[in-house]
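Put chain B on the given structure of chain A with help from the hints.
There are 2 protein chains.
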Amino acid sequence: MADTQANALKADETHRLIAGDKVEGTAVCRSNGDKIGVIDRIMIEKRSGKVAYAVLTFGGFLGLGENYYALPWNILTYNVNLDAYELNLTDEQLHGAPVYVDEADPAWETEVHDYYGVPPYWATGSD
Amino acid sequence: MADTQANALKADETHRLIAGDKVEGTAVCRSNGDKIGVIDRIMIEKRSGKVAYAVLTFGGFLGLGENYYALPWNILTYNVNLDAYELNLTDEQLHGAPVYVDEADPAWETEVHDYYGVPPYWATGSD
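The listed protein sequences correspond, in order, to chains A and B. Residue 1 is where the first sequence starts when you use our numbering, and the numbers rise one by one after that. Residue 1 is where the second sequence starts when you use our numbering, and the numbers rise one by one after that.
Next comes chain A alone, as it looks inside the complex (with noise of 0.2 Å):
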């Protein structure tokens, strides 16, 4: 993400997008190849057509105690080494991280932001 914008173009000009689908699905991994959890799903901001939150399952047994958690899209980088997006928390971060609402305020939502320390979607370019 430290790329500049002219970089990331001509370094993967022809693997910038990914279908939602497809995300959708994808393993996260800590950088040792620890999986700690499955993308079940992303959740877009309509007016901006930006991906907020990657929502987080840990994947229940049969069902039981699944839990959903809000990652901010901009702290996942997919690294291809290993198949999935790398993300580096605890398990004590993991333990403590904000659970997915399906009625998102305000207020939850900068929480979630403040959680992972990195700027809200919202902050970050606007159209």
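Since the hints were made in silico from the structure, they are not lab data. Possibly wrong hints are sitting among the right ones.
Intra- or inter-copy, both count: the list cannot distinguish identical chains.
Derived SDA-like pairs (lysine to any residue); straight-line CA-CA distance at most 25 Å [claimed, not checked]:
1) K22 - D114
2) K22 - D105
3) K46 - R30
4) K46 - D34
5) K22 - P106
6) K46 - L82
7) K35 - L82
8) K46 - D83
9) K22 - W108
10) K22 - V80
11) K46 - I18
12) K46 - T110
13) K46 - A104
14) K22 - D34
15) K35 - D21
16) K46 - N79
17) K22 - N32
18) K35 - D114
19) K46 - W122
20) K35 - Y115
21) K35 - D83
22) K35 - E66
Only chain B this time, still in chain A's reference frame:
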């Protein structure tokens, strides 16, 4: 899309977000209700997390003659009354529309945005 960000946030605080898999399958209609097609999938720019295109299909009969067209996300407006994305394209405009290609290169992407007369997603805000 003419709303200022502040107004948009105020007016629709809890309905700003939509799940990616809910966009897929949503109809695209003209203002008078004529159905143009259906969103087959969305294409996301990985780097910025922006939805670049909604891929429109007319739905061929038994999979025959099915065509896919790339629509810049920012030409689509969701209309609650229609329960569809509203887009006033004539049949002529549709027949001449750029077909979706999997290996989108910059020239093709520029062509698509020029066709619909909208600024490209990579020119409207960055992160």
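Now the hints, each set against the structure:
1. Within a single copy, K22 and D114 get their C-alpha atoms no closer than 28 Å, and across copies no closer than 27 Å, so neither meets the 25 Å cut-off.
2. Taking identical chains as interchangeable, the C-alpha atoms of K22 and D105 lie at most 25 Å apart only when they sit on different chains, with a minimum of 20 Å there against 27 Å within one chain.
3. Taking the shortest Cα distances, K46 and R30 sit within 25 Å of each other only across copies (19 Å), while inside one copy they are farther apart (30 Å).
4. Taking the shortest Cα distances, K46 and D34 sit within 25 Å of each other only across copies (23 Å), while inside one copy they are farther apart (33 Å).
5. Taking the closest pair of Cα atoms, K22 and P106 come within 25 Å of each other only across two copies (22 Å); inside a single copy the shortest separation is 28 Å, beyond that limit.
6. Taking CA atoms no more than 25 Å apart as the test, K46 paired with L82 passes between copies only; the shortest distance there is 16 Å, against 31 Å inside one copy.
7. In this homomeric assembly, K35 and L82 come within 25 Å of each other (Cα to Cα) only inside a single copy, at 10 Å, whereas the closest approach across copies is 42 Å.
8. Proximity of K46 to D83 under the C-alpha cut-off of 25 Å is restricted to the inter-copy arrangement: shortest distance 14 Å between copies versus 28 Å within a copy.
9. Taking CA atoms no more than 25 Å apart as the test, K22 paired with W108 passes between copies only; the shortest distance there is 22 Å, against 27 Å inside one copy.
10. Within a single copy, K22 and V80 get their C-alpha atoms as close as 14 Å, which meets the 25 Å cut-off; across copies the closest is 28 Å, which misses it.
11. Within a single copy, K46 and I18 get their C-alpha atoms as close as 18 Å, and across copies as close as 6 Å, so both meet the 25 Å cut-off.
12. Proximity of K46 and T110 under a CA criterion of 25 Å is satisfied in both settings, with 18 Å inside one chain copy and 23 Å between copies.
13. Within a single copy, K46 and A104 get their C-alpha atoms as close as 13 Å, and across copies as close as 23 Å, so both meet the 25 Å cut-off.
14. In the homo-oligomer, the alpha carbons of K22 and D34 lie at most 25 Å apart inside one protomer (21 Å), although the nearest pairing across protomers, at 30 Å, exceeds that limit.
15. In the homo-oligomer, the alpha carbons of K35 and D21 lie at most 25 Å apart both inside one protomer (20 Å) and across protomers (24 Å), since each shortest distance falls under that limit.
16. Taking the closest pair of Cα atoms, K46 and N79 come within 25 Å of each other only across two copies (12 Å); inside a single copy the shortest separation is 27 Å, beyond that limit.
17. Proximity of K22 and N32 under a CA criterion of 25 Å is satisfied intra-copy only: 23 Å inside one chain copy versus 34 Å between copies.
18. Only within a single protomer do K35 and D114 lie at most 25 Å apart by alpha-carbon distance; the minimum there is 24 Å, versus 43 Å between protomers.
19. Taking identical chains as interchangeable, the C-alpha atoms of K46 and W122 lie at most 25 Å apart whether they share a chain (12 Å) or sit on different chains (17 Å).
20. Within a single copy, K35 and Y115 get their C-alpha atoms as close as 21 Å, which meets the 25 Å cut-off; across copies the closest is 43 Å, which misses it.
21. In this assembly of identical chains, the alpha carbons of K35 and D83 lie at most 25 Å apart only when taken from the same copy (11 Å versus 39 Å across copies).
22. Taking the shortest alpha-carbon separations for K35 and E66, only the intra-copy value of 16 Å comes in at or below 25 Å, while the best inter-copy value is 38 Å.
Checked against the numbered hints given earlier, this structure breaks only hint 1.
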